[in-house]
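In order, the protein sequence lines correspond to chains E and S.
Yeah, the first sequence ends on 442 if you go by this note's numbering, and it's all consecutive.
Yeah, the second sequence ends on 1242 if you go by this note's numbering, and it's all consecutive.
Rather than coming from a laboratory, the hints here were simulated on the basis of the structure.
Some clues are possibly wrong.
To be verified - Here are the simulated lysine-lysine pairs, DSSO-like style, with alpha carbons at most 27 Å apart: (1) Lys-138(E) x Lys-1047(S); (2) Lys-334(E) x Lys-289(E); (3) Lys-419(E) x Lys-352(E); (4) Lys-352(E) x Lys-147(E); (5) Lys-283(E) x Lys-324(E); (6) Lys-94(E) x Lys-238(E); (7) Lys-247(E) x Lys-94(E); (8) Lys-82(E) x Lys-1047(S); (9) Lys-289(E) x Lys-1047(S); (10) Lys-82(E) x Lys-352(E); (11) Lys-94(E) x Lys-1238(S); (12) Lys-82(E) x Lys-1051(S); (13) Lys-285(E) x Lys-129(E); (14) Lys-129(E) x Lys-147(E); (15) Lys-247(E) x Lys-1047(S); (16) Lys-1047(S) x Lys-244(E); (17) Lys-306(E) x Lys-352(E); (18) Lys-1051(S) x Lys-94(E).
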Amino acid sequence: MIDGLVRDTRFTTFDGTLSLATKHQRPDRFSHLESPDSTLHRIPRGGGYSYSASSFGENSLVQEMTCFNRFIDFNSETLTLKLEAGVRLIDLMKWALPRQLHFPVLPGYPLITVGGCVAADVHGKNPYKDGTFSDWVKQLTVFHPQKGYQSCSPEENSTLFAMTCGGYGLTGVITDVTLQLATLPTPWIALSQHRVGSLEEAVRELSSCDADIAYSWHDAAAGSNFGRGIVYVGQWTKNGALPKPMKYHPMTANTRARLPISAWNGLTARVANSAVLLQARYKSKISVKGVMAASFPFATNVYFHKLFGRPGLRETQFLVSEDKMGECSHALQKLVCDTGAPTMMLSLKRFKGVQKSLSMSGTGYLVAIDSYRNARTDLFMHRLDQLILDVGGQPNLSKDSRMPGEVAELSIASFAQFKQGLFAYDAARTMRSELSRRIGLS
Amino acid sequence: MTWIIVGGSSGLGRALAERFAAAGCELVLLSRDVRDTTPLASHLAIKYAVKVSPVAIDLNCNPLPFAAIDSILEGHLPLKGLLIPAGVNDDSDVVGMGDTTLEYLTRVNYLAPCQLLNHYLPLLEQNSGVIVGFGSVATARGRSRNAAYAAAKSALESYFESLAHHAANSGISCQYYVLGYLDTNLAFAQDLLFPLASVDRIADVVYRRRFSSGRRFLPRPWYILYRAVQFLPWVIFKRLSF
């Protein structure tokens, strides 16, 4: 017997490549969250924006936490805010900005929930300066059906805390999170763009800048233009009152995939990338944006993802150490150009941090590659897995819906330790997802 | 000025709490589990700087624990309004159900709201207060499902009409909303014939019309459907399974 209604729902990964139907509960009160039999396999779900199936799985009850979205406590002296896991980033920022506060680690889409950010240990626009999401988490409460509510922090119950940050919901349902907020210098960011001719040039620019926002975009279509791109550098700037509220149309995995076919192919990818590079030549080099618009670029620019249509896309993100980045760039260019890979765009960010649990963190450069899907995609992804292993790269599990478990096991430094800790914590492996099954953690 | 919201922890009740708090109203939130209303009270206090007090009350309890509510209410007086968006339905709510289910559905959907209304009526009359009740389009006609729920809500609607007569001579305002499909946990992730209305939008309408009186359908197009169902010939209606 489960209090709170349970439906049969078909879930799809945000990249559109994996879909399955399973039991779905959206608890809006604690008694509903607790009501399923404690031995029933389950997995928590936030906004549903993960590219991998980390928030649903076969024969696993999905507990969607979006109704647990209340602000619980704010300490104005320490600037710590305790909120429920289902609070969306845009709601956090809407509350924080008028109070001259902000949260520095914001992934690209505003409807991602705080609990999801903790579970995937996401990064923002400058992980070299701000670290990853878990670096700003002071305390968590995790509900496990057989263990009840457990409070944890870096000081208290620290093993559970470390396994939960970047643990993809496998330790339990995060019910609340205490975040460290920062003072907002100004609500405006001056974003400048510089054209670069190669990945190496972008790496040099990113390594030498001391900005609040720093990342690059590159043409990754096979051909002579590979690697040409734009480095975006943002600094807080003064520009008067608060920006107008950001207008956007919410996008979900289903609405992203409305187009029945993919509009991206070799030709359209090259044309679109050339257009982006061309507009960078003529457009003003510095634009002033509100902090929301600068933080959530994919909220207002949804066409890139929507044009992948129902066939979906493949994305891979991996972190490469600084000394291996040159080797990685050459190998990547060779792989893409020699095989005519269906790659579309590539992005770089500089990283600094310590790898833990299943999260992607460490010191080096993040490489993100988006590909449209065709007959060559799977072969390219397979070769890319080998490249990641060859350069000692560390993959982002939330961005890749097909990476084999062996690759994850070999490339994530703390994988074995996490697996051992997880089975010691919950031998029955109550929390299960398609991701956990794929990488051997179920 | 304080408003009592019965069933304020989730769904429409929670949306009403958010809307009224956003307008600066003090609130007393009644719900079965204060673990749900305590964080909501904190949430509203943090966002809107208003005083909100949660009270644990099980509408299936007889008699209702008025002393507990009244002691909290003392710190909130004067009382301006009573909103009763509470309700419950059950999968086993079909003709032939057990007595326990029948009593439970009748008490939570009809008796308890009437008892709350009766108890706070004198206090509300002192302040030209407002009483708002919520029904359902399920009351259009008896169907194979929701038998006791629809009967109890029909009884509540009738009671509110009697209250409207009383209100006409007492200075209070009385409203009754007949609700269609709402985007709450009762209807999430379902393929329904008609779109779900946002509870935030409904709450906004209720707030803006808080001093008016009468019966109204929300969303408005449900009135047409409601009437259409009422006029369906029995030979057709008996074949429908909804």
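Right, here's what the structure says about each hint:
Between Lys-138(E) and Lys-1047(S) the alpha-carbon distance is near 21 Å, which keeps this suggested pair within the 27 Å criterion. For the proposed pair Lys-334(E) and Lys-289(E), the alpha carbon gap of about 37 Å is over 27 Å, so the pair is violated. For a cut-off of 27 Å, the pair hint linking Lys-419(E) to Lys-352(E) stands: about 24 Å separates their Cα positions. Pair hint Lys-352(E) plus Lys-147(E) does not hold up; C-alpha atoms about 34 Å apart against a cutoff of 27 Å.
With a C-alpha separation of about 34 Å, the suggested pair Lys-283(E) and Lys-324(E) falls outside the 27 Å cut-off, and the hint is violated. Restraint check: the Cα-Cα separation between Lys-94(E) and Lys-238(E) comes to about 19 Å, which is no more than 27 Å; the hinted pair holds. Between Lys-247(E) and Lys-94(E) the CA atoms are separated by roughly 13 Å; this keeps the pair inside 27 Å, and the hint holds. The straight-line distance between the Cα atoms of Lys-82(E) and Lys-1047(S) is roughly 13 Å, inside the 27 Å bound, and the hint therefore holds.
A threshold of 27 Å between alpha carbons decides the hint, and for Lys-289(E) with Lys-1047(S) the separation of about 26 Å falls inside it, so the pair holds. Taking the CA atoms of Lys-82(E) and Lys-352(E), the gap is about 26 Å. The hint holds against a cut of 27 Å. As the CA atoms of Lys-94(E) and Lys-1238(S) are separated by approximately 51 Å, the hinted pair breaks the 27 Å bound. The straight-line distance between the Cα atoms of Lys-82(E) and Lys-1051(S) is roughly 19 Å, inside the 27 Å bound, and the hint therefore holds.
Restraint check for Lys-285(E) and Lys-129(E): the C-alpha separation of about 23 Å stays at or below 27 Å, so the hint holds. Of the supplied pair hints, the one linking Lys-129(E) and Lys-147(E) is violated, its CA atoms being roughly 37 Å apart against a limit of 27 Å. For the hint pairing Lys-247(E) with Lys-1047(S), the CA-to-CA distance comes to about 21 Å; that is within 27 Å, so the pair holds. Straight-line distance between C-alpha atoms of Lys-1047(S) and Lys-244(E) comes to about 19 Å, which keeps the hinted pair within the 27 Å bound.
A threshold of 27 Å between alpha carbons decides the hint, and for Lys-306(E) with Lys-352(E) the separation of about 32 Å lies outside it, so the pair is violated. The suggested pairing of Lys-1051(S) with Lys-94(E) holds, with an alpha-carbon distance near 21 Å, which does not exceed 27 Å.
In this structure, the earlier hints numbered 2, 4, 5, 11, 14 and 17 are contradicted, and the remaining ones agree with it.
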